[in-house]
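Engineer: Letter by letter, the chains look like this.
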Amino acid sequence: MDALFFWIFAAVMVVASLLVVGQRNPMYSVLLLIVSFAALSGLYVLLNAPFMAVVQIIIYAGAIMVLFLFVVMLLNVRTEEDGAETRRPFDIGPGPRRFGAVLAVVLAVQLIWALRRIAEAPFAPAGPDAAAQTSVYAIGLRLFREYAFAFEATSVLILVAMVGAVILARRDPHLPTRKEQ
Amino acid sequence: MSATLIAQLVVIGFTFFMLLNSAAVLVLMERKVAAFIQQRLGPYRVGPWGAMQPLADIIKLMMKEELRPKSADTFLFYLAPILCATAAFAAFAVVPFGADTTFFGLLDEPVKLMAADVNVGLLVIFAITSMGVYGIVLAGWASNSKYSLLGGLRSSAQMISYELSYGLSLAAVIMLAGTLSLREVVDAQAGYWHLFGVLPIPKWYVFLQPLGFFIFMTAGVAETNRAPFDFPEAEQELVAGYHTEYSSMTFALFFMAEYINMVTVSAVAVNLFLGGWHGPFLPEYLGWMWFLLKVFALLFFYIWMRWTLPRYRYDHLMEFGWKWLLPAATLNLLVTAGVVIWMGW
Numbered sequence: 001m002d003a004l005f006f007w008i009f010a011a012v013m014v015v016a017s018l019l020v021v022g023q024r025n026p027m028y029s030v031l032l033l034i035v036s037f038a039a040l041s042g043l044y045v046l047l048n049a050p051f052m053a054v055v056q057i058i059i060y061a062g063a064i065m066v067l068f069l070f071v072v073m074l075l076n077v078r079t080e081e082d083g084a085e086t087r088r089p090f091d092i093g094p095g096p097r098r099f100g101a102v103l104a105v106v107l108a109v110q111l112i113w114a115l116r117r118i119a120e121a122p123f124a125p126a127g128p129d130a131a132a133q134t135s136v137y138a139i140g141l142r143l144f145r146e147y148a149f150a151f152e153a154t155s156v157l158i159l160v161a162m163v164g165a166v167i168l169a170r171r172d173p174h175l176p177t178r179k180e181q
Numbered sequence: 001m002s003a004t005l006i007a008q009l010v011v012i013g014f015t016f017f018m019l020l021n022s023a024a025v026l027v028l029m030e031r032k033v034a035a036f037i038q039q040r041l042g043p044y045r046v047g048p049w050g051a052m053q054p055l056a057d058i059i060k061l062m063m064k065e066e067l068r069p070k071s072a073d074t075f076l077f078y079l080a081p082i083l084c085a086t087a088a089f090a091a092f093a094v095v096p097f098g099a100d101t102t103f104f105g106l107l108d109e110p111v112k113l114m115a116a117d118v119n120v121g122l123l124v125i126f127a128i129t130s131m132g133v134y135g136i137v138l139a140g141w142a143s144n145s146k147y148s149l150l151g152g153l154r155s156s157a158q159m160i161s162y163e164l165s166y167g168l169s170l171a172a173v174i175m176l177a178g179t180l181s182l183r184e185v186v187d188a189q190a191g192y193w194h195l196f197g198v199l200p201i202p203k204w205y206v207f208l209q210p211l212g213f214f215i216f217m218t219a220g221v222a223e224t225n226r227a228p229f230d231f232p233e234a235e236q237e238l239v240a241g242y243h244t245e246y247s248s249m250t251f252a253l254f255f256m257a258e259y260i261n262m263v264t265v266s267a268v269a270v271n272l273f274l275g276g277w278h279g280p281f282l283p284e285y286l287g288w289m290w291f292l293l294k295v296f297a298l299l300f301f302y303i304w305m306r307w308t309l310p311r312y313r314y315d316h317l318m319e320f321g322w323k324w325l326l327p328a329a330t331l332n333l334l335v336t337a338g339v340v341i342w343m344g345w
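Residue numbers (our numbering), protein chains in the order written: chain A, 1 to 181; chain B, 1 to 345.
Where hints are given, some of them may not hold.
Cβ pair distances, simulated, as ranges [unchecked claim]:
no., chain 1, residue 1, chain 2, residue 2, range
1, A, Ala161, B, Lys60, 40 to 46 angstroms
2, B, Leu55, A, Thr154, 51 to 57 angstroms
3, A, Ala114, B, Ala24, 37 to 43 angstroms
4, A, Arg170, B, Arg68, 42 to 48 angstroms
5, B, Pro228, A, Gly95, 37 to 43 angstroms
6, B, Leu20, A, Ile59, 51 to 57 angstroms
7, A, Arg97, B, Leu20, 36 to 42 angstroms
Because the hints were derived from the structure by calculation, they are not lab data.
Predicted model only: the values in this text are computed from it and were never measured.
For each residue, glycine too, the CB sits at the ideal point set by N, CA and C.
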């Protein structure tokens, strides 16, 4: 039963993730990404980690993707077809293309290496032990004792990003606006 | 199949059926209350006291023609109302509405009066209601009409803003109760405090968290798009907002989702702040009566508010959400955390 659900969720996730990249309409890409996140959350449930599953939905599918959707709607990008006639696909110049090819090869090598490691250590089914380890209480203790530094460092990182966004978006009152120019 | 399993299935079916009907009852209630507030009679022709009016409305909605704008995105246009209604129904699945019961000795083992007992129930509600936003946003976008798009954009901005305060006011209660399960939160509110040693006060969290309750209710009104925060469908500016282009049953799904969301928010508020099914006078197995009574009181409050207060201005709403409600919720959370540590709960 668990194995059946695993394959269903995994298949949905992989197919949705592939379609995210393949879509021409950014709206559908966003939605398919949400489907992919939802399937991932299903996998967490199978691993006896309901807290992780729900947090995955709240943070990624709920909060972050709503912002994505918001931006796509605000910009109202219909499709990527505009200007396709004047430019051949993938025509971005030789430099970036070579760089991208190298990155792709590195990623493929990493993926193969990671998958081989998983094959050596087989997937252990989640037992009752996993439920105790993934309870909210246990996660809280881990997060604020063992990983307290990482947790705090991450929050500082997010703060830095936020301050950066505010500074970039701020209009300098001393500079002339576009209209005045 | 064991008797307990059958009973559980009956409870689930009953919950679904009651939610479906609550929308119809609420429509009638809204129209009647609105009428009385405006010194009218309201619907009175269909059935005694106009009680069959919702039925007539439903038949009308079913018979209407299904229209779709030519330039709309067909798939998303039809997906949006389904998403909205599904999220509305699914959120109630983890809301308990009574103490464990054996149905007056009919069963050997007691069953829980809720569709699914999840130990992170509060977060599940939070997650599912945040998925409901997509229905509204997609409806606005897929209709390919300016009023719909503006309604959808407003709604997403509003919901993102108020979800923060909503979550923070929940967190304060979670800290007090020390659990994420709604059933356990309700059980933590059983019993009484005795003020000056005599006056009994029920141990409801509304007395410990008055500010939290206020924030929760305000954010709840904004989350369900009700007046005075009904900007996604402000009729004077946006015709009908995100569901302008919808007709017939697709419109009915949005309509139903809105009322069911109201029920869910009220039920969660009752469970978190008003002691759920605990109350004086009634024995425990009749606790669901207290629950229903409290939920209806809150629903009446919602309707009352809609027909009493004028709509805010949109920038005021955003300012209120970010500059007042969010800091207040954060302060509430910090003070609660301090007290919890100080008292050593």
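Engineer: Evaluate each hint against the coordinates.
Structural biologist: Evaluation of the provided hints:
1. Our hint of 40 to 46 angstroms for Ala161 (chain A) and Lys60 (chain B) is violated, since their Cβ atoms are close to 52 angstroms apart.
2. Evaluation of the 51 to 57 angstroms hint for Leu55 (chain B) and Thr154 (chain A) yields a pass: the beta carbon distance comes to about 55 angstroms.
3. Judged by the Cβ atoms, the range 37 to 43 angstroms given for Ala114 (chain A) and Ala24 (chain B) is violated: they are separated by roughly 54 angstroms.
4. Between Arg170 (chain A) and Arg68 (chain B) the CB atoms are about 43 angstroms apart, so this pair conforms to the stated range of 42 to 48 angstroms.
5. In this structure, Pro228 (chain B) and Gly95 (chain A) break the distance hint of 37 to 43 angstroms, their C-beta atoms being roughly 57 angstroms apart.
6. Distance hint check: the CB atoms of Leu20 (chain B) and Ile59 (chain A) are about 31 angstroms apart, inconsistent with the given range 51 to 57 angstroms.
7. Separation of Arg97 (chain A) from Leu20 (chain B) is about 57 angstroms and departs from the stated range, judged on CB atoms against 36 to 42 angstroms.
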